[in-house]
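K.L.:
These protein sequences, in sequence, are chains L and V. First residue of the first sequence: 1, per this note's numbering; consecutive thereafter. First residue of the second sequence: 1, per this note's numbering; consecutive thereafter.
Simulated from the structure, these hints should not be mistaken for lab results. Errors might be hidden in some of the hints.
[To be verified] Heads up, incomplete: computed chain L residues facing chain V, CB under 8 Å, no partners named: (1) Gly133; (2) Gly257; (3) Thr315.
[Stated by the list, open to error] Covered by chain L, according to a simulated footprint, are these stretches of chain V (three or more residues, beta-carbon under 8 Å): (4) 5 to 19; (5) 53 to 61; (6) 198 to 211.
All C-beta atoms in this analysis are idealised placements derived from N, C-alpha and C, irrespective of residue type, glycine included.
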Amino acid sequence: MADLNQKFDVLVIGGGNAALCAAISARRAGASVLVLEGAPKFYRGGNTRHTRNMRCAHDAATDILTGPYTEEEFWDDLLRLTGGQTDEELAKFMIAESKDILNWIVEQGVRWQPSLGGTLSLGRTNSFFLGGGRAMLNALYLTAERLGVEIVYDAEVIDLEIEQGMFLSAKLKQPIDGVSDIRASALVAAAGGFEANIEWLKQYWGEAADNFLIRGTPYNRGSILKMLLDKGVQDIGDPTQCHAVAIDARAPKFDGGIITRHDSVVFGIVVNKHAQRFYDEGEDIWPKRYAIWGRLVAAQPDQIAYIIFDSTVVTSFMPTLFSPIAGATIGELAGKLELDPAALEKTITDFNAAVRPGTFDHTILDDCRTEGITPPKTHWARRIETPPYLAYPVRPGITFTYLGIRVNRQARMVMKDGKPSANMFAAGEIMAGNVLGKGYAAGIGMTIGSVFGRVAGREAAKNARNW
Amino acid sequence: MHGTRILDEADRLMTVCNSCRYCEGLCAVFPAMEMRRAFSDGDLNYLANLCHACGACYTDCQFSPPHEFDVNVPKTLAVARTESWTAYVWPRAFAGVFARNGLVISLVAALSVALFIFGFAARHDSQVLFGVHTGPGAFYKLMPHNAMAALFGAAFLYAIVALVMGVRAFWRDIGEPIGMKTDAAALFQAIRDAGELRYLDGGGVGCFNEDDRPTDRRRLYHHFTFYGFALCFASTSVATLYHYLLGWQAPYPWWDLPVVLGTLGGIGLLLGPIGLLTERRKRDSVLVDEARYGMDVAFIAMLFLTSLTGMALLILRETAAMGPLLALHLGVVFSLFVTMPYGKFVHGIYRFAALVRYAMERRAMAQGAGE
Numbered sequence: 001m002a003d004l005n006q007k008f009d010v011l012v013i014g015g016g017n018a019a020l021c022a023a024i025s026a027r028r029a030g031a032s033v034l035v036l037e038g039a040p041k042f043y044r045g046g047n048t049r050h051t052r053n054m055r056c057a058h059d060a061a062t063d064i065l066t067g068p069y070t071e072e073e074f075w076d077d078l079l080r081l082t083g084g085q086t087d088e089e090l091a092k093f094m095i096a097e098s099k100d101i102l103n104w105i106v107e108q109g110v111r112w113q114p115s116l117g118g119t120l121s122l123g124r125t126n127s128f129f130l131g132g133g134r135a136m137l138n139a140l141y142l143t144a145e146r147l148g149v150e151i152v153y154d155a156e157v158i159d160l161e162i163e164q165g166m167f168l169s170a171k172l173k174q175p176i177d178g179v180s181d182i183r184a185s186a187l188v189a190a191a192g193g194f195e196a197n198i199e200w201l202k203q204y205w206g207e208a209a210d211n212f213l214i215r216g217t218p219y220n221r222g223s224i225l226k227m228l229l230d231k232g233v234q235d236i237g238d239p240t241q242c243h244a245v246a247i248d249a250r251a252p253k254f255d256g257g258i259i260t261r262h263d264s265v266v267f268g269i270v271v272n273k274h275a276q277r278f279y280d281e282g283e284d285i286w287p288k289r290y291a292i293w294g295r296l297v298a299a300q301p302d303q304i305a306y307i308i309f310d311s312t313v314v315t316s317f318m319p320t321l322f323s324p325i326a327g328a329t330i331g332e333l334a335g336k337l338e339l340d341p342a343a344l345e346k347t348i349t350d351f352n353a354a355v356r357p358g359t360f361d362h363t364i365l366d367d368c369r370t371e372g373i374t375p376p377k378t379h380w381a382r383r384i385e386t387p388p389y390l391a392y393p394v395r396p397g398i399t400f401t402y403l404g405i406r407v408n409r410q411a412r413m414v415m416k417d418g419k420p421s422a423n424m425f426a427a428g429e430i431m432a433g434n435v436l437g438k439g440y441a442a443g444i445g446m447t448i449g450s451v452f453g454r455v456a457g458r459e460a461a462k463n464a465r466n467w
Numbered sequence: 001m002h003g004t005r006i007l008d009e010a011d012r013l014m015t016v017c018n019s020c021r022y023c024e025g026l027c028a029v030f031p032a033m034e035m036r037r038a039f040s041d042g043d044l045n046y047l048a049n050l051c052h053a054c055g056a057c058y059t060d061c062q063f064s065p066p067h068e069f070d071v072n073v074p075k076t077l078a079v080a081r082t083e084s085w086t087a088y089v090w091p092r093a094f095a096g097v098f099a100r101n102g103l104v105i106s107l108v109a110a111l112s113v114a115l116f117i118f119g120f121a122a123r124h125d126s127q128v129l130f131g132v133h134t135g136p137g138a139f140y141k142l143m144p145h146n147a148m149a150a151l152f153g154a155a156f157l158y159a160i161v162a163l164v165m166g167v168r169a170f171w172r173d174i175g176e177p178i179g180m181k182t183d184a185a186a187l188f189q190a191i192r193d194a195g196e197l198r199y200l201d202g203g204g205v206g207c208f209n210e211d212d213r214p215t216d217r218r219r220l221y222h223h224f225t226f227y228g229f230a231l232c233f234a235s236t237s238v239a240t241l242y243h244y245l246l247g248w249q250a251p252y253p254w255w256d257l258p259v260v261l262g263t264l265g266g267i268g269l270l271l272g273p274i275g276l277l278t279e280r281r282k283r284d285s286v287l288v289d290e291a292r293y294g295m296d297v298a299f300i301a302m303l304f305l306t307s308l309t310g311m312a313l314l315i316l317r318e319t320a321a322m323g324p325l326l327a328l329h330l331g332v333v334f335s336l337f338v339t340m341p342y343g344k345f346v347h348g349i350y351r352f353a354a355l356v357r358y359a360m361e362r363r364a365m366a367q368g369a370g371e
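Throw the hints in and build the complete structure from the sequences for me.
P.N.:
Below, the structure written as C-alpha cells:
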C-alpha cells in the first residue's frame with residue numbers, strides 16, 4: 001500500500017488509457033507517481049473498458065494493418081469529421097505522434113490484432129487491441145505496477161487546491177480511510193468527461209436526459225473537469241454536445257458497452273412513439289449513420305424509437321444481445337410495442353407503396369429509394385412485407401461529452417487568462433475537445449488518450465524534477 | 001431453450017459474446033462462435049470442449065462479474081464440458097460416475113490394488129512374493145505373462161471401446177458425419193494445435209490462474225504430464241514389440257529403450273502432476289467448476305501414482321520389495337485403464353475431436369472466402 005503522506009512527483013487523477021499512459025511515461029522518466037482511480041478495481045479505466053481500437057497514422061502496412069494511413073489522410077479525415085472544429089497545431093502534432101504510439105504502446109504490454117469480424121472497413125486505419133479495451137487496460141496496469149507506480153482504487157478526489165494556476169494538493173476521500181490531503185509536484189488530470197452525470201446533462205437537455213442510457217460506467221461524472229473549470233482553467237468544446245448512438249432501450253442504465261448498440265437502421269424504418277417516421281433511414285453509410293441516430297432519438301417524444309424490419313433481413317447484421325420483438329402481423333407487433341396499431345399499419349403501408357424498384361446493396365449508396373413520402377428513405381429502401389415483423393426499441397446511448405479543458409502541445413493546461421499552468425497537465429477525454437470539437441471516428445479517442453497521456457506524463461515528470 | 005440449465009446459460013453467454021467479439025483473437029472458441037448465429041446443444045458442447053480454460057476471456061471481459069451481464073465463459077463452459085461427457089458416456093449406466101468422480105476413482109484404485117496384492121498372495125507363498133527375482137522373466141514369476149497381457153489387453157480394449165462410443169455420440173451431436181479420412185490436413189492441424197496446447201496461452205501471454213497476471217506454468221506442467229504419459233505409453237509399446245517380435249523378456253537393462261522411455265516419461269509424469277495439482281489448488285475459484293475438483297484431483301493423482309509406483313519398481317526391482325511393488329503398480333495401472341472413459345482423461349479426447357472439427361470449419365471458411 002502506498003504511503004500517501006509522501007509528496008509525489010506526479011499525481012495522476014483518472015484510471016483509463018490516458019491516465020495509465022501518463023503514469024507509465026512519467027515513471028519511465030524517473031518520477032514517483034501516484035494514480036488515483038475513482039472507480040473500484042473492476043470498473044477501473046472509464047470508457048477505455050469499452051474501447052477496442054486506436055487510430056494511428058502509418059506509412060506502410062503492418063502485420064495487422066492492411067495498408068498505409070498517412071498523416072495527411074488522417075488530417076483530412078479529422079478536418080472533415082469535425083467540420084473544422086479542431087486546433088490544427090495540436091491535431092497535427094497528435095497525428096505525427098500517433099505514428100510512434102503504435103510501437104510505444106506495444107512496449108507497455110498492449111497487444112494488437114487485425115480488425116474484428118464485421119469491422120473490415122477499419123482494417124487499414126485502426127489497430128485493434130487483442131482481447132479488447134479491458135485487456136489493453138490490464139496490460140497497462142500490470143506494466144505500471146511493475147514499474148512501481150502506486151495505484152489506489154475507490155479513490156474519489158473531492159477537491160483540488162490550486163493557486164494562480166499552480167496545483168498544490170488534492171483532497172482524497174476513501175471509503176475506509178476517509179479524507180486525506182495528497183501532495184504532488186505536478187498534476188495530470190485524466191479523469192474523463194461528465195457523460196454519467198445526469199444532473200449535469202439536464203442543464204443542457206432538460207428532463208429528456210432522464211431517458212438517456214449511459215454506455216460507460218457510472219463513474220464518469222466529470223467532477224475533476226468541473227473543479228478545474230471552476231478554478232480558472234480555460235474551457236474548450238461545446239458543453240451542450242455529447243456523442244450519442246441508438247442503443248437498445250432494454251439495456252442497463254450504465255455500462256452496457258458496445259453490445260447494446262443497433263446498426264440495423266438501414267434495413268428497415270424507424271418510427272417514434274406515435275408510429276411516425278422522422279428521418280431518412282437511408283441517408284448515409286456506416287459509420288456516419290451510426291453516430292447520428294442517438295441524437296435523432298433524443299429529439300423524439302419520450303426519447304424512444306423503434307427500428308422496424310421484417311424477417312428477410314434478420315441475418316444481414318451482426319447478432320444482437322437482445323432479440324428483436326416479433327409479431328405475426330403489424331398489428332400484433334404494434335400491440336407489443338404499445339404503439340397505435342392503425343398508425344403503424346398506415347406508416348408501413350405508405351412506406352411500402354413509396355418504395356421504387358432497385359438493386360439492393362447495403363455496402364454502397366444503392367438505388368433502392370422511396371418516392372412521394374416525407375421523410376424519404378433515399379437508399380436501401382425495401383418493402384416491409386414478410387412476417388414475422390420485427391422491432392428493436394432504441395434510446396439515446398451517451399458515449400462521451402465534448403466539454404473539456406484547453407491544453408497546449410505539452411498537454412499543459414491553459415488558464416482563463418491564456419497563460420500556461422505552472423504544473424498542471426491534462427490528457428484523454430477531459431481535453432479531447434481541443435482536437436475533436438465535434439463528430440467522431442472510430443479509435444480517435446484512444447489516440448488522443450495515448451498520445452497526450454504519454455506527453456503529459458513526460459512533461460509532468462520533467463516539470464516535477466526541475467522543481 | 002436447451003435441455004439443461006448450463007446449456008441455457010452457455011447459450012446466453014454466446015449471444016452476449018457474439019454481439020461483442022472482442023475476444024476473437026484469444027483462442028478458438030470465439031471464432032467458432034462467430035460462424036454461428038444460433039446454437040444447438042451440440043454446438044454448445046462443441047464450444048465447451050474447444051475451450052482450454054485459459055481464463056483470458058474472463059480477465060479481459062468488461063462484462064464479467066460483478067457486471068450485471070455476469071459473463072463468465074470459462075466457468076460456464078467448464079460445467080458444460082463435464083455435463084457433455086456425462087451425456088455422451090458409454091454405457092449410459094455409468095453417467096453418474098462423473099458426478100462423484102473422486103470417490104469412484106479412489107474406490108476402483110484401492111480395490112484393484114487390493115485385488116492384485118490378494119491375487120499374488122493367494123497364488124504364491126511368501127518366499128516367492130518376497131523373494132528376489134532377477135533377469136529376464138523376473139516379473140512373470142509373480143504373474144504369468146499371458147495372464148498379464150490378457151488382463152491388461154482387455155482393460156485397455158474396454159477403455160478404447162468406451163471412449164470411441166462416447167466421442168462418436170459427441171461427433172454426431174455436433175453434426176459431423178462419421179469418418180473424416182478425407183480431411184487429413186485438418187487432422188494434422190488439430191494434432192499440432194493439441195500438441196502445442198496452442199489455445200492454452202491466453203492469446204500469447206499465458207493463461208490466468210490465481211490472479212490477473214498471466215503465466216505459462218500450467219501449459220508447461222501439462223506438457224510434462226502429457227508427454228510423460230506418451231513416453232510411458234511408448235515404453236510399453238516397445239516392450240510389447242520386444243516380447244512378441246524379438247522374444248526378449250522384461251525386465252530390460254536400464255539403458256534399453258523401454259526403460260529409457262519409461263524413466264523419462266516417469267519423471268515427466270511425476271513433475272507434471274505435482275505442478276498441475278499445485279496450480280489447481282491455487283486457481284481462482286471463479287474460473288473453475290468447483291464441483292469438478294474431485295475429478296481433477298483424482299486424475300492427476302492416478303497419473304502421479306502410476307509413475308511413482310513404476311519408478312519405485314524400477315529402482316527396487318532387484319530387491320525383495322519387487323513383488324509387492326509390482327502388485328501395487330499393476331493395480332494402479334489397471335484402475336487407470338478401466339476408469340479412463342469415466343474421468344478427466346476424456347477431456348483430451350473430446351478436446352482433440354473439437355480441434356479437428358474447428359480445423360475443418362476453418363478450412364471450409366477459408367475455401368469459401370477464396371471462391
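K.L.:
A separate judgement is required for each hint: does it hold in the structure or not?
P.N.:
Tested hints:
1. Using the Cβ-Cβ criterion of 8 Å, the hint placing Gly133 of chain L at the interface with chain V is satisfied: the shortest such distance is roughly 7 Å.
2. Nearest Cβ of chain V to the Cβ of Gly257 of chain L: about 6 Å, under the 8 Å cut. The hint holds.
3. Proximity of Thr315 of chain L to chain V holds as hinted, the smallest CB-CB distance being about 7 Å (cut-off 8 Å).
4. Against chain L, the stretch 5 to 19 of chain V contributes 4 residues with a C-beta closer than 8 Å to a partner C-beta. That satisfies the three-residue criterion, and the hint holds.
5. Counting residues of the stretch 53 to 61 of chain V whose CB lies closer than 8 Å to any CB of chain L gives 5, which reaches the minimum of 3, so the coverage claim holds.
6. Figure legend: the stretch 198 to 211 of chain V, annotated as covered by chain L; annotation consistent (3 residues with Cβ-Cβ distances under 8 Å, at least 3 required).
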